[in-house]
Amino acid sequence: MRTLRKPCVLVVIGFALAGCAHVEPWERGALARRDMSVTPDPRLRALRDHMLVSKEASQGGHTGAGGGCGCN
Amino acid sequence: MRRSLCALVTSLACALACAADVGVPAPACAPLAAARAAHGLDGKVIVVDFWASWCPPCRKLMPFLDDLYGSHRDDGLAVIAINVDEVQADAERFLARRPVSYPVAFDAAGECPRAFALAGMPSTYVLDRAGVVRLAHAGYRRDDEAALAATVTRLLAE
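Top to bottom, those sequences are chains A and B.
Converting from the first sequence to my numbering requires adding 785 to each position, the first position being numbered 1.
Converting from the second sequence to my numbering requires adding 743 to each position, the first position being numbered 1.
Incorrect hints may have been included.
Unchecked claim - Some chain A residues well away from chain B (every beta-carbon gap over 10 Å; in silico):
id, residue
1, Arg813
2, Gly814
3, Thr824
4, Arg833
5, Leu837
6, Glu841
7, Gly855
Unchecked claim - Rough simulated footprint, nothing fancy, chain A against chain B, three-plus residues with beta-carbon under 8 Å:
id, segment
8, 802-816
9, 855-863
What the hints assert, rightly or not - With beta-carbon atoms standing in for the labels, derived distance ranges:
id, chain 1, residue 1, chain 2, residue 2, range
10, A, Pro825, B, Asp833, 38 to 48 Å
11, B, Ser844, A, Val808, 49 to 59 Å
12, A, Ala803, B, Ala889, 22 to 32 Å
These aren't lab readings, by the way, just hints derived from the structure by calculation.
Here a beta-carbon is modelled for each residue, glycine too, at the ideal position from N, C-alpha and C.
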């Protein structure tokens, strides 16, 4: 059991490192696509926001990061 | 340990040296060199614009650059747009809809943006007649136009 610990840790670290990738500014074409957005349909999002504000009397805090070209 | 540290310092120094900082000659890259040679741009003030069809501020900047080029072309201004779309057809489709009068080079491999170490999109560089970077700017807002035009006018007068 103890002999397996080190390889397991290395495998976990390997997977963690593979999940981190630096995307350069000029490589964000795929991220800029509309279907990469967390909320790809702005009208549907506006409608849902409107309902949420009406029912919950609250606003904001219901968006998420993701997608976009990261320009400017 | 010491060897790793040396390698890290060397790569950092290389990255800094390769970036297109103000006051240093523009980094060499094949698409830019080819465009300069093809259009005979040596000795001209050159605006290098990195753009992509998926980048909204890049698209907004292009009409301004086109106007600037039209106004100062006869005074010795050149504009080279380096497109960094991974799919060149996307850029060509965009240019068919909204053509520009200045030359466009395609760099899907990202050689030039890597050499210039772009900080954002769009990125605009103004090179003087000797090829030295005199203005480096990332991003675009309408307010940026005045500074860009002033730099071009000043360099053309030098």
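Here is what the structure says about each hint:
no.: 1; hint: Arg813; verdict: 7 Å, violated
no.: 2; hint: Gly814; verdict: 5 Å, violated
no.: 3; hint: Thr824; verdict: 18 Å, holds
no.: 4; hint: Arg833; verdict: 24 Å, holds
no.: 5; hint: Leu837; verdict: 28 Å, holds
no.: 6; hint: Glu841; verdict: 32 Å, holds
no.: 7; hint: Gly855; verdict: 8 Å, violated
no.: 8; hint: 802-816; verdict: violated (count 0)
no.: 9; hint: 855-863; verdict: holds (count 5)
no.: 10; hint: A/Pro825 / B/Asp833: 38 to 48 Å; verdict: 19 Å, violated
no.: 11; hint: B/Ser844 / A/Val808: 49 to 59 Å; verdict: 32 Å, violated
no.: 12; hint: A/Ala803 / B/Ala889: 22 to 32 Å; verdict: 46 Å, violated
The earlier numbered hints that this structure contradicts are 1, 2, 7, 8, 10, 11, 12.
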